[in-house]
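Given next are the chains, with one letter for each unit.
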Amino acid sequence: MSRAVLQEVGLTLPLLPTTTVGSFPKPDYLLEARGKFARKEITRKDLDTLEKQATEFWIAQQEAIGLDVLVDGEQYRGDMVAYFADVMGGFEMGGLVRSYGNRYYHKPIIVGKVKRPGPITVDWWKFAQGLTKKPVKGMLTGPYTIMDWSFNDYYPDRKAACFALASEIRKEVEALVEAGAKIIQIDEPALSVRPEEIDFALEAMHVVTDDIPAYFITHICYGAFEFIYPKMLDLPVDNFDLEMSNSGLDLIGLFKKDPFTKDLSFGVLDVHSHAIETPAVVRERIEKALEVLQPETIWVDPDCGLKTRTVEEAQAKLRSMVAAVQGVRQTLGGR
Amino acid sequence: MEIILANHSSYPRVGASREQQRLRRAYAQRERGEISPEAFTQVQESLVAEVIEEQASAGCALLTDGQIRWYDSISHLAARLAHVEINGLLRYFDTNFYFRQPVITAKVERRNSLIVEEFRYAKKISPRPIKPVLTGPYTLACGSIRQTPAYRNLDSLVMDFSAALAQEVGMLAGAGAEVIQVEEPAILRHPQDLPLLQQALEPLNAARGAARLALYTYFGDATPVYEELQELPVQILGFDFTYAPRLPQKIAALGAPVTLGLGLIDGRNTRMETPEDVFPVLEKILPHVPEDAVYLNPSCGLEYLPRDKAVAKLRLMRELKEKFLQRRKG
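Top to bottom, those sequences are chains C and B. Every letter in the first sequence is one number past the one before it in my numbering, and letter 120, counting from 1, is 120. Every letter in the second sequence is one number past the one before it in my numbering, and letter 117, counting from 1, is 117.
If you're looking for bench data, these hints aren't it; they were derived computationally from the structure. Cβ atoms here follow ideal geometry from the backbone N, Cα and C, with glycine treated the same way. One should not assume that every hint holds.
Just so you have them, the derived chain C footprint on chain B, three or more residues with Cβ under 8 Å [stated by the list, open to error]:
no. : segment
1   : 7-14
2   : 96-108
3   : 304-310
Starting from the given sequences, assemble the full structure and let the hints guide the process.
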């Protein structure tokens, strides 16, 4: 159980800690400002001021809703890979590629040796943590996902690109821990897409997290977990943050066969649906998890980042989640 | 031996310039009701013409219409069949591309042609032969959600998709298609279903007339099932070599009774292949394949690349072919 790791890093959290996956919707004024900045109508400093304002808003919201472990909300990030590719050396922004329907994105190209230019997210983490007494997670995208979501003109193969990125991401992890972060989340949504590469993806995570005193979470979503489970339990992290509600909770079946051995951030809110889950629905989902997992190992959060919802939807969904958790805690406390 | 340069299937529909983004704007205008259906179709047709011209200029001998009108390779075909509704997004294999999942509510039936009109248009304006591309019955069925007692198992849905696609193959052949590509990436994930695929391809083969069927697999390693694939009732087999480092060896060892489509140019990555990447594989394979011709093509549809890189890959195929032939002569 990873409660021991939490204790080692000096954190005491309630049963079923509540958190979120990372991103929150950007308020309208920030979306507008990002457009203006792209058109060079406002300065970087102007945008920065509004990004800080939005971050303050979301920290206050998370406290008001009653979440236990907070995030900075990624108000200053666009795409979770392009954000890092933009600031790291060795990347060039590629042309447009279609993701679905009429949606396109600029896919980065690795054209040289990848290099962290210095702290990337540390100042934002410090800013967010300075606004609250609750722990704020350090949020990074993992090397496998950055590799998989980029073209590679430079490294001989995918594995080499992944390891080069892992060494650079590790430096950012060290800097976050140095700054005081106790919980670090390394997002690896792409991890399950090529089961044949799971071995080097695992090795790369060792490069990122080995011997660093922090509680590590990894977020993986929308994949065919059945192909990498239970192998993925070898990832050197303390907590897996998995999408559960949108996958029809079929992972529970896998866990019955091969017991889940880590802490689990259990996704209970469908981030692709406008519908607000009721506390009763969320509670049912948590109770499903309790059928196969010890309560001490469960965290509760949405399936994925909430940035695709409106501000109001995100708030309402999280309120339901916290209400449900409070109910379950009472029941568990009374048994 | 003739090395025929062929495009694979899809082609990027937007590029860097404003002009090259006109289809993206037209879709947005259509959503807002700001463009008539006729004007929208005109934009689509102009883009089909543009990508055909781009492929021809880059040296391709066998072209596609770039699947410019397709939402994705699953729902574009399935949505045209009766008793199919289109659901939410699902990741397309291991790509970062998402397709809309068909939901099958009752027995599927073909009401109208699926892509024959698209083929006729492309053929009319193209300076070179056009290869129509169909997603195969097995991959279509794997990508669908069965919500009807009519399809308790996958097999019956595969066979009904097969019946619909066989009619389409017949019409495409009648409309003048010389090579019809059937794509079955899903079979590499579920090789135990190869007998089912064989059964499902028979009606297509029976309907093909004078056209040749090209079965293309991709996004997986075909090496372990190479022999079984040879048994399928098709005249051309296309492979994605980027996933299959041991496939050249296997082909050299076992030979190839049918014409091959060599996907040696990575359609998923921007790195430009060098002669050192490609020539040793060609040297190894060519002595063991049918003597008349072999196709050289990207490993998969080029839509996974930005437009400038896609055309660069096609030009690269021409350069590599020319260098390879020169070297052989020398």
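Just pull the numbers of the violated hints for me, sorted ascending. none
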